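Following the hints, complete the assembly by docking chains B, C and D onto the known chain A.
First to last, the protein sequences are chains A, B, C and D. Each residue of the first sequence is one higher than the last, beginning at -15 in the numbering used here. Each residue of the second sequence is one higher than the last, beginning at -15 in the numbering used here. Each residue of the third sequence is one higher than the last, beginning at -15 in the numbering used here. Each residue of the fourth sequence is one higher than the last, beginning at -15 in the numbering used here.
In short, the hints are calculated from the structure, not lab data. Worth double-checking, as some hints may not be accurate.
For chains that are exact copies, the list does not tell them apart, and a pair is met inside one copy or across any two.
Calculated lysine-lysine pairs in the DSBU-like style (CA-CA distance at most 30 Å, straight line) [claimed, not checked]: (1) K(-9) to K11; (2) K61 to K102; (3) K11 to K73; (4) K11 to K54; (5) K54 to K(-9); (6) K54 to K245; (7) K54 to K102; (8) K245 to K(-9); (9) K54 to K127; (10) K11 to K127; (11) K61 to K(-9); (12) K102 to K245.
Quantities reported herein were computed from a predicted structural model and do not represent experimental measurements.
There are 4 protein chains.
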Amino acid sequence: MIVVMEKNATSEQVAHMVDRVQQLGLKAHVIEGTERTVIAAIGDKRETMRESLASGEGVAEVVPILAPYKVASREVKPEPTCVERGSLKVGAGHLGVIAGPCSVESEEQIMESARAVKAAGATALRGGAFKPRTSPYSFQGLKEEGLRLLAAAREETGLAVVTEVMSTEDVELVANYADVLQIGARNMQNYRLLEAVGGVDRPVLLKRGASATMEELLLAAEYILNEGNPNVMLCERGIRTFESHTRFTLPLATVPYLQHKTHLPVVIDPSHGTGHAYLVPPMAAAAVAAGADGLIIEVHPSPEHAMSDGYQSLTPAQFAATMVRVRAVAQALAATP
Amino acid sequence: MIVVMEKNATSEQVAHMVDRVQQLGLKAHVIEGTERTVIAAIGDKRETMRESLASGEGVAEVVPILAPYKVASREVKPEPTCVERGSLKVGAGHLGVIAGPCSVESEEQIMESARAVKAAGATALRGGAFKPRTSPYSFQGLKEEGLRLLAAAREETGLAVVTEVMSTEDVELVANYADVLQIGARNMQNYRLLEAVGGVDRPVLLKRGASATMEELLLAAEYILNEGNPNVMLCERGIRTFESHTRFTLPLATVPYLQHKTHLPVVIDPSHGTGHAYLVPPMAAAAVAAGADGLIIEVHPSPEHAMSDGYQSLTPAQFAATMVRVRAVAQALAATP
Amino acid sequence: MIVVMEKNATSEQVAHMVDRVQQLGLKAHVIEGTERTVIAAIGDKRETMRESLASGEGVAEVVPILAPYKVASREVKPEPTCVERGSLKVGAGHLGVIAGPCSVESEEQIMESARAVKAAGATALRGGAFKPRTSPYSFQGLKEEGLRLLAAAREETGLAVVTEVMSTEDVELVANYADVLQIGARNMQNYRLLEAVGGVDRPVLLKRGASATMEELLLAAEYILNEGNPNVMLCERGIRTFESHTRFTLPLATVPYLQHKTHLPVVIDPSHGTGHAYLVPPMAAAAVAAGADGLIIEVHPSPEHAMSDGYQSLTPAQFAATMVRVRAVAQALAATP
Amino acid sequence: MIVVMEKNATSEQVAHMVDRVQQLGLKAHVIEGTERTVIAAIGDKRETMRESLASGEGVAEVVPILAPYKVASREVKPEPTCVERGSLKVGAGHLGVIAGPCSVESEEQIMESARAVKAAGATALRGGAFKPRTSPYSFQGLKEEGLRLLAAAREETGLAVVTEVMSTEDVELVANYADVLQIGARNMQNYRLLEAVGGVDRPVLLKRGASATMEELLLAAEYILNEGNPNVMLCERGIRTFESHTRFTLPLATVPYLQHKTHLPVVIDPSHGTGHAYLVPPMAAAAVAAGADGLIIEVHPSPEHAMSDGYQSLTPAQFAATMVRVRAVAQALAATP
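Just chain A, with the same shape it has in the complex (with noise of 0.2 Å):
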């Protein structure tokens, strides 16, 4: 950390702040520059510090120099993870895709997505059981029935199946039924689920929050790492910002950039990226492009009729088309050096 005093700071506040720097275990490095002072906290102990140090007389700002989080990073493990589970490669090499309707609605629904997507080329099942709804008037989801209809949908094409958990009291529940934990964007900082999750014999497919930082992200997967759990994706689905012709802004420099500081696979979901179905299709194109290990695609036989996101579901022959494109960049991209 870079402790940054005030330009007119007096020396009595700078002697105190490496007081408090040493009293924090780590060692002090003054450096007086032309117009103001700095002082370097050398040592491996992290945030916490930082809000006790920035709250000193004199203090300009606390500059911090390490990233906070560790076992996620790609210092601590250089080689890429491969997230595996039943018919589900994501990462290292592989990629994923996660396909099927936003809701489970009913058997013939989900079984017709299930076909459908396995035909088109997808590598696992999507479909929502719990589903959180902005408003308490919107369908929640069929809830166990939703599971065990996903459960028959793998029993007949193979795929694993990837579905939402959204409580703690559910884990147990969902991980009986599902091969992947899906946690939402609305419960990536829901700290106890992701315990719960990181308790768990089962991959887990975190969503990135709609406002959360690379840093956020990196620590909440943080929270199911510690808990034993090594198995987590990271998943991109667009964050809220000013732009409203889509329904939010989909960034894929998260792909690279995850990529460049942890081993964790990087999933696209393009779907919920742009809300809007013609717009899918070329972004998932892009999301392999840019190098992403696996992609989250919302596919439902008849969008016009489905109970949530329709807006945003493909076809299954849109679908289809999608993983033409899609393998057709993977390919070309495999042949370049």
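Structure of chains B, C and D alone, referenced to chain A:
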């Protein structure tokens, strides 16, 4: 809702959408414009319909006309709600001031804080026992021991206790000790938690998520209200924007906007909203001038030694001075026609 | 336009608004909903009317139905525009690649850059002679001398020259040397400048402002088109959001969105859009996968010694490798049905 | 500056960066941390250096320590600046109130406005003659005729005239009629225009761009100050965020933040900052409570008939009531120690 058709939509597409509107139990009213056709869908169904209609062929856009929240709406209950519990009274002309440390750290710290904020005029005590922390390596709170200390501080000072609850499992425990349950910004859309506090006989202080819209905030309140708990306070604590000179951007227009739309009281948190102690006093005064029903302010006996949020905590003396300014503004406005 | 009345609007207020709509030359169509009345205002007048109607008593909101831009609209001209000048061809199936240094610094630097980008396959040369700099203390560009050097580089390499013009006084001068006039993001709403370049026989590369909406960008293009210059390229160079790990947030969904709304070609700037050289190659490939009509990329013979934007500039070797990836993606997609 | 090396940077890379720092005329100070090396670069050079160093091999990040602005800084001139011209006095304890219509529309309209705002206590008159409009189809202002009408209104009422100048060609013309030159938000980084108004003997009201940082705003002011014009007022008029219930998000923490960093006065524009007339009075009072040195408010004799911005304009009666509240708050705070 207004269903806007594409410029080149066919008459079959228009007829199809008219059918869809009617199937949904709404009345369809077709308007032929000079450039395109729009269909007004009349009736009181809400959100769900919109998603469904938006994916029809030839549809350019579906524009909602009705707000999706009901019970929270000022149209349904025109007179302002006053939330009251113990020493705290917020709304309908009552200015509540909740103050205290970010975290409960020790008996001495919370007692000293409670006495100081009471002396300066606070009407409730805040203090975190369960702390949602971005990093798993940060101090996570004293948990039940913290709750006990808060109750002891209430015993001595008579101040109502406001404290955060982070998960459904803890709701009963926290309610046993606290007067007001706080839902943090990161849990604003943790719907199971909202339902849980909706079933408890305690007022709720619901903090706005860092990127939540007004509609999302009011729908989150609606989750609580719908469970039978009418005592919800909405709290603006800043939103995430491109600004980095403050911790968050604190938009005070939230106050008059919400007061226009809802009967629920509006509380401002200038501590998290700015992230710097020197910005808290002017923003507290500004919040009251904007018409806020309450304030929640971080105060610590020694901010430099705080285990969290030290850089944004006021000393007791700074808080006392802030209260003088706040009262001056409140009285000036009360005396104005 | 749809004029939405307040729930408790009186019939006098409704009648008054009907009058207002008719005074503005529009036809009024009243629809009585179950909760409130809306008035559809039919006709082809735009923007101005809306502002005027919105302040009527009893009016809750005025919802526009028509996009405010006309000439830029795909509804008016369905076939895509190809902008062409010298070696540069962008749009309607032609992928243009503009590359070169942020600033022209010396004869040697611009010549070396031009040869390198030409060899790697760029179809135009970029280079700033007039530089808009955030700080008055930063390098402001070589001005006319820079333009002369750019022209010399064109002479030798045959590459069309793209360079920024910052003020109306310089339009003629810059047009004397350059093939394409660039309007920087900070000047996207400098309307006098837009009108000036609209009156010149040179294609214009119009960069999106860092917080401009799609509508504002298209209306800025409309200022140029309306002056008689049909050759406008729209350039996405990133928007300002809460993200700080990249210089800006680069939303590639801009590409398919704009291609849906306008016939003008869309160019992506992954250099400014990310601000870090290592993020440029993946984002360049992603842009092409998203369907971009062009790229503009910063390349410098020695980024470490660049007088501006060194940290986001590619070396010639990095640029050559990027071009290989970009071409692979373009060919893969061209071969896909 | 602090040059932070990558964790695995070699000693050659560190040595190279030390050389680079010294070549730039700075002193290099190497600090070996437990995980990585940082180099403190000591001296008073600024911005340019940083860009250059950041692209060195093995460099993770370059952290600036000094603010890049100088003349605007409070460290250079600790006492607050009072900007004064005719009836207007802003800063150093003087609260200026600039009011009037968005656009000058006719003699009757501007005269009626001027009389009304003067009667209510405004200390200057605003009114646009040159209007920057998002759409080329919107009313563009009366131009010189508008300036003449403003001068006539000053003649009668004695109010100083504040009006926008949009381009360098018009600076002289506008300065001939106006007392204060306004630079609009869209032109905040139109550097040629900033230099032009820096060379004129008229105070400047510099509006913050919708996505400008504090640093960019202060550097824009620095462009003006450096040309010899010391009379700059900074104006916060709202920033662009994800919020859509207000036209912009108005961050009042700008006031105390800027007053901490600069000696220049800070003016708040609650009209553009909110976009709705009913939100203007509470936000005007809040701005004064936050310590604003001035207000600029849109007032129109008949907002419903305004040619621009009608929905955010106050009627004369609403403005008079607002002034009563504003004065009450100002007096209350002045009486507080």
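* Asked: Which earlier hints can't be squared with this structure?
  -> When the structure is compared with the hints, numbers 2, 3, 7, 10, 12 turn out to be violated.
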